[in-house]
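All chains should be modelled from the sequences, with the hints used to inform the complete structure.
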Amino acid sequence: MSKLAVSHPPFFNDSMMDIPTPDKFAGFTETAEVGWGSPNVSWRVAPALNIIVNGIHRRATIDTGSTGALMDKSFLPTFDPEEVEEGHVFYSSSKILEEGYWVPDVEIEYFGPRGVRIMSKTPVLAVERAVSCPQFNQTLHRHRCPKDATKGVVKRAVQQPYFGIGFGRDRDTSSQATPDRNPMINIVSINNVTIDRTKYHPGYIITDRSIIVGLTSNNTEGFVTMDLEKGPNWEKDQRAWAGPKVSVALNNETYAKGFQGSLLVDTGVTQMYLKAGRELQPDDEIKFAIPDEESPIATYTITNGGRRNAMSPTKVLNSTSLTPYVNTGRSFLTKFNVFFNPIEGQYGLRFKGSGEEDFVKFYPA
-6 MSKLAVSHPP FFNDSMMDIP TPDKFAGFTE TAEVGWGSPN VSWRVAPALN
44 IIVNGIHRRA TIDTGSTGAL MDKSFLPTFD PEEVEEGHVF YSSSKILEEG
94 YWVPDVEIEY FGPRGVRIMS KTPVLAVERA VSCPQFNQTL HRHRCPKDAT
144 KGVVKRAVQQ PYFGIGFGRD RDTSSQATPD RNPMINIVSI NNVTIDRTKY
194 HPGYIITDRS IIVGLTSNNT EGFVTMDLEK GPNWEKDQRA WAGPKVSVAL
244 NNETYAKGFQ GSLLVDTGVT QMYLKAGREL QPDDEIKFAI PDEESPIATY
294 TITNGGRRNA MSPTKVLNST SLTPYVNTGR SFLTKFNVFF NPIEGQYGLR
344 FKGSGEEDFV KFYPA
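When we follow our numbering, the leftmost residue of the sequence shown carries the number -6, and every step to the right adds one.
Worth flagging that the hints you see were computed from the coordinates, not collected in a lab.
In this text, a Cβ means the ideal position worked out from N, Cα and C, and glycines have one as well.
Warning: the hint list may mix true and false statements.
Mimicking DSSO-like on lysine-lysine, the simulated pairs with C-alpha atoms at most 30 Å apart in a straight line are [what the hints assert, rightly or not]:
#	residue 1	residue 2
1	Lys88	Lys308
2	Lys192	Lys229
3	Lys17	Lys238
4	Lys229	Lys114
5	Lys308	Lys148
6	Lys238	Lys280
7	Lys308	Lys345
8	Lys238	Lys345
9	Lys144	Lys268
10	Lys88	Lys148
11	Lys308	Lys144
12	Lys114	Lys192
Quick list of the computed label-pair ranges, beta carbon to beta carbon [unchecked claim]:
#	residue 1	residue 2	range
13	Glu349	Thr296	18 to 24 Å
14	Ser35	Pro357	22 to 28 Å
15	Ala358	Pro106	30 to 36 Å
Structure representation (structure tokens):
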């Protein structure tokens, strides 16, 4: 295992990086790449995949900011609400609550322009209605927004299923956001052939043009990884990891001594949500070190409402999270590919910039 001395930006301390090679994927060879409905170099829109479910062709939005596939109940086989699990998906950014029932063991096929097909098998939320529910609390409300808290019914495009493939989302308002409901870590076949568990390593990679399922030594080359902490449901499912970490500096000063929050790279939104020591002011310079300022894999800088760069979100909003938190929005992906390894609990970044940018730095081993 080698160490590499790196020169850090002046607002973080110098340190040594110790990054293991991804040889844990040696021997795993089964993988598949499925192209997005259209390439997403600029990441101005959310990625989408062509799918077939219950014989119906649709295009599904792919969201790394939530967990669980959902679609209008008309797409799914007829079910008896008394025999399936009542459920919901709550989006903390928009405060939209999707109410429905989890239909078990739904097979969904994904296909791209090159003819590659993969299939997942998970519960799917059959949506009955979507409502604005800013005060939703699952402990108090279970899976339905009470009438006195409902701010209005949200009209959804019925033709657009919404698939959450994120992790670390199993918190108080989304306790059903569990790994067994994540389509991309529950792949069962590639090109109509059942996967071989001895050759297929669960996990996925997100690039500008595609999603890649099945981690191998080849397709993880160039990534630098960070270890994830166990999530609250890890004892129930050992794929239930917490989100990666990030440290934040504001105007060359940290928000608070030892500040480190949770990082979410979210393909579902264009804006950033940030919770730190105080509310942001116009022209605040915000600097991020992933996972921390001592041994960063990557650092980048944006200005709140000021000079923009490729990683700037459309706007920065103060998060209502109770703990330090950064939702980068999807502009983060203009400079990085990401991967998630649900078996060993790792999150990885691979830089795709020129290296000449003054607002982003990558520290490979």
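Evaluation of the provided hints:
1. Between the alpha carbons of Lys88 and Lys308 the distance comes to roughly 18 Å, so the proposed pair stays at or under 30 Å and holds.
2. Distance check on the hinted pair: Lys192 and Lys229 sit about 25 Å apart at the alpha-carbon level, within 30 Å; holds.
3. Pair hint Lys17 plus Lys238 holds up; C-alpha atoms about 22 Å apart against a cutoff of 30 Å.
4. For the suggested pair Lys229 and Lys114, the alpha carbons sit about 19 Å apart, so the restraint of at most 30 Å is met.
5. With a C-alpha separation of about 25 Å, the suggested pairing of Lys308 with Lys148 holds against the 30 Å cut-off.
6. This hinted pair checks out: Lys238 and Lys280 have alpha carbons roughly 14 Å apart, not beyond 30 Å.
7. Taken as a hint, the Lys308 and Lys345 pair is honoured in the structure, with Cα atoms around 23 Å apart against an allowance of 30 Å.
8. For the given pair, Lys238 sits about 21 Å from Lys345 by alpha-carbon distance, which is consistent with the 30 Å threshold.
9. Note on Lys144 and Lys268: the hinted pairing holds, with a Cα-Cα distance of about 24 Å set against a maximum of 30 Å.
10. Taking the CA atoms of Lys88 and Lys148, the gap is about 14 Å. The hint holds against a cut of 30 Å.
11. Between Lys308 and Lys144, the direct Cα distance comes to roughly 24 Å. Compliance with the 30 Å bound is thereby established for this hinted pair.
12. Between Lys114 and Lys192, the direct Cα distance comes to roughly 19 Å. Compliance with the 30 Å bound is thereby established for this hinted pair.
13. Our hint of 18 to 24 Å for Glu349 and Thr296 holds, since their Cβ atoms are close to 19 Å apart.
14. Between Ser35 and Pro357 the Cβ separation comes to about 24 Å, which falls inside the hinted range of 22 to 28 Å.
15. Look at Ala358 against Pro106: about 34 Å separates their beta carbons, and that is inside 30 to 36 Å.
Comparing the model with each earlier hint shows no violations; every hint is respected.
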